[in-house]
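Engineer: This is what each chain is made of:
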Amino acid sequence: MRKNSIFLKCMIFFCAVPMNAQNPELRVETAFEPSSITLSNNTIYKITIYGSQESPLGKVPSIPGLKFSSTPRTFRSASFINGVPSVRFELTFEVQPEKQGTFTIPSWNLKVGTQNCEAPPATLQVLPPSHRDKKRQQEQKKQEQDLREAAFLELSTPRLFMFEGETMEGKITLFIWNRLPVTRIERIPTKMGDGFSITELGQPVENRNIERNGKVYNAYSWNFGITGALPGMQSISFSSVLRVRVKQSRNSPFGSPFFSDPFFGFGSEEGLEVNSDAISMEIRPLPQNGRPTEFAGAIGSFVLSSSIDRDRVSLGDPVRLTCKVKGSGNFSAIPAPSLSLGKDIKAGPPAFNFEGSASTMHLGEQSFEYVLTPQRPGLLEIEPVRFSFFDPDKQNYQTLTTQAHSLRVDPGEKWIEPVSQEGRIDEAPAQKSVNDMFQTESEPGDWLNSITVADPLRSKLFWLTQAVGLFLVCLFILVRIRTRDPLLEERKLKDRLLENKIRDAVKHGDWTGFYKHLSRRIRLRISMACPDSNPSALSSVELISLLKKHGFSNTVTEGVSQLLQTCENSEFSGSSESSTSLESELTHAQSILGKLK
Amino acid sequence: MNLHFTILSLLLLTLSGYPCHGESAERIFYDAVRAEASGDLKLAISLYEQLSQNLHSANLHSNLANLYFKVEDYGRAVLHFRKSLLIDPDNREATSNLAFALEMSGVSNDTIHEGNPAFSATAQTIWALLSSAVLWGGLLLFIRLSTSNLLSSKSISFCFLWLGLLSFLGWGWMKSRNNSEHLKREIIVLDNQSAKKNSSIPLRRFAGEGSDHNTLIKPGTSLFLDLDQYGNHRVHAGPDGTAWHLARSHNGSDKGWLKSNEFAKLLSP
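The listed protein sequences correspond, in order, to chains A and B.
Its first residue numbered 1, the first sequence is counted upward by one per residue in the working numbering.
Its first residue numbered 1001, the second sequence is counted upward by one per residue in the working numbering.
Do not rely on the hints blindly, as some may be mistaken.
Unchecked claim - Pair ranges (Cβ atoms, derived):
no.	chain 1	residue 1	chain 2	residue 2	range
1	B	Glu1103	A	Ala351	54 to 62 angstroms
2	A	Ala537	B	Arg1144	32 to 40 angstroms
3	A	Lys595	B	Ser1146	43 to 51 angstroms
4	B	Arg1144	A	Ser591	21 to 29 angstroms
5	B	Glu1103	A	Leu448	40 to 48 angstroms
6	A	Lys595	B	Leu1140	52 to 60 angstroms
7	B	Trp1171	A	Gln203	22 to 30 angstroms
8	A	Ile477	B	Pro1117	34 to 42 angstroms
9	B	Ser1024	A	Val473	32 to 40 angstroms
The set of hints was computed from the structure by calculation and includes no laboratory data.
Ideal Cβ positions, reconstructed from N, Cα and C, are used throughout, including at glycine.
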């Protein structure tokens, strides 16, 4: 159905509430904007209804060679012109020309509310494509071709027909151009087409550096089993999605991020859908002629064998009969062959086991294991197993038969009640003698009121220890706060700073600095030792007499006097360097300062 | 006079209600030893059991375990050897006897989870006191050093050392405490006095007599009572008033419901 046959009824569903103030005189205008275009461009067919905002009902005539968009855009407006209200309703369709020429949409009728109106004719001139248009089209085609070649899927099957229910092994290969910045395969190939069922795709096989179309590709191949489900001509294709890094370009000429840069780039990720070409296959129904009664749906090429695990048993003992079907075909749909064993042998349900290509279930060996129970003693015969299948290559039915197996069944023995597991555990004997192993104590020892594990959190001793500890810590902190002397603290801080400066001076061999800071430190220490004085304002002689007054020994006062003298000499004469090293001077000074307490 | 007589009578009556204290307890112990020596094992067991209701000693439980062993009640023998070792962990004789009792009952020694003795339940107090001493001692030393201006750049090393030691002691305490909590939940499976001695006890899937069992446990096996979300033992009262307890082995491989007469706790409630 052509899209340019648009029923404007659909507009009813998305129209807004029309204005109540309707102009009884309706006027309809139609026009192409622009009215002249080249073949590669699009235009707009605009219908303007003056005097109403109601959605119109009607049908735009279909014009061969013009393709109308299916979703028109609407626009309502209301305004006052010289105090007179004016309302308007606009409906626009995007029109794409399919051939060049002059196209005229004839006058056509539409209904607005209860009124019938006539849309005037409109003419569009489509000119042949210009050189620029042609170039642009070529570029677009080239880029589309590049994109198709950047990543593509290739589906291959052994033949282009199959029988209903037959399983073949197919292969889908995803080729990715090695320059395509693919971050990951977002969706592995998925089948499109209901005429087939396929097995689950497992892990792909990766092949690198495969050349196609003059490019180098990385190929990822999945093998799968494909089974024809519906007879007739059926189409199958695959689709996959890759995550590709792209540049965000608003100037993309075609609105697709992949076209913005032929080499893509670094930016955000986009999904790139990759599709394979569709393959049409004929699914033929199985022939009815010559169908054996044992046929149960097996299609392929098979070999049958059977074996029993032992040929002589006692009555009641089980025997395992294993039938193996080996070859290629629809293993997933093959039922177990039915056995015709008679009354002498009873068979349980078979156990299935497949060994082969688990992903496709097409090539391998299917074994059916039956547990047979002989019902009477004597020489019994297990009848041959028959298995029928349809061979799609020879296109006929085949029936295979195994050999018969002889089984000798001896009469059973008398049943002996087995010893229970529990009894055996309990009766595990201990052979050691217990005599004289234990010594009985004749004294009771220390009595306890209970056997418990002491919990320190419930012990008074523990909490007493905590209390004492906490008390001592609080006491120490209180004493520290009470005995704190801010002046003394400040002096101690200064003393530490001076000590560091003196050490720095020793480190750098700065004799002047050493004696300067030493002099200040001596005075500071004297002020700490004699709190009532102000040693910074006193001369060396006065300081010595102050020390003597506070009862310091002659050794201390003489040492301090000597140090002060050296400091003054260094300060006033500048001849500070002596034969001794600064380290020894520092040691000597420290010993004297240590006594100034 | 009458008043004094009444008080004296009441006092004597009260004292007679506690036969297991002081000299009377020792008298019962000696009676049990004599009963055992004379071959009356049942009487000796009943006397020891009567005594162990209120008082405990390593020798009492050791003797009782020996008696249970002699009457081939290995579950109870293991229980009382374990109790004896809880009171006196250094008792070598009890240790070797316990190993023998376990062997006789067919229970693996691995079912007894002992772990490192340094972190045993009984070492919890030592860890706690050491932790306290280091905590408060370190704080006091820290204050003292800061007062005497001895605190310098080495104080950071001191802090790290102190914190490290404190963390280690705290970890040891917690480990020991966990073992203690574990011990409180430990039970010993007992022979349920059925016709067959030392028959295995079923760990039922559901708390009911007719329930199928997950596994069979030999008497003497050590299990642990399960706790509910509130930290209480998971107990289910049956329609006949039987209390069922959910218990599991130390490694959690065996789990099921036991009746209250099929086990005994190691520690006093």
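Engineer: Now tell me, hint by hint, if it's right for this structure.
Structural biologist: How the hints compare with the structure:
Separated by about 45 angstroms at the C-beta atoms, glutamate 1103 (chain B) and alanine 351 (chain A) break the suggested range of 54 to 62 angstroms. At roughly 36 angstroms, the beta-carbon separation of alanine 537 (chain A) and arginine 1144 (chain B) lies within the given 32 to 40 angstroms, and the hint holds. Between lysine 595 (chain A) and serine 1146 (chain B) the C-beta distance comes to about 25 angstroms, which lies outside the given range of 43 to 51 angstroms. Distance hint for arginine 1144 (chain B) and serine 591 (chain A): a CB-CB separation of about 26 angstroms, consistent with the stated range 21 to 29 angstroms.
Taken as a hint, the range 40 to 48 angstroms is violated for the pair glutamate 1103 (chain B) and leucine 448 (chain A), whose Cβ atoms sit roughly 29 angstroms apart. The hinted range of 52 to 60 angstroms is not satisfied by lysine 595 (chain A) and leucine 1140 (chain B), whose Cβ atoms lie roughly 30 angstroms apart. Distance hint check for tryptophan 1171 (chain B) and glutamine 203 (chain A): the Cβ-Cβ separation is about 48 angstroms, which falls outside the suggested range of 22 to 30 angstroms. At roughly 39 angstroms, the beta carbons of isoleucine 477 (chain A) and proline 1117 (chain B) sit within the given window of 34 to 42 angstroms.
About 50 angstroms separates the C-beta atoms of serine 1024 (chain B) and valine 473 (chain A), a value inconsistent with the hinted range of 32 to 40 angstroms.
Violated hints, listed in ascending order, are 1, 3, 5, 6, 7 and 9; each of the other numbered hints is respected by the structure.
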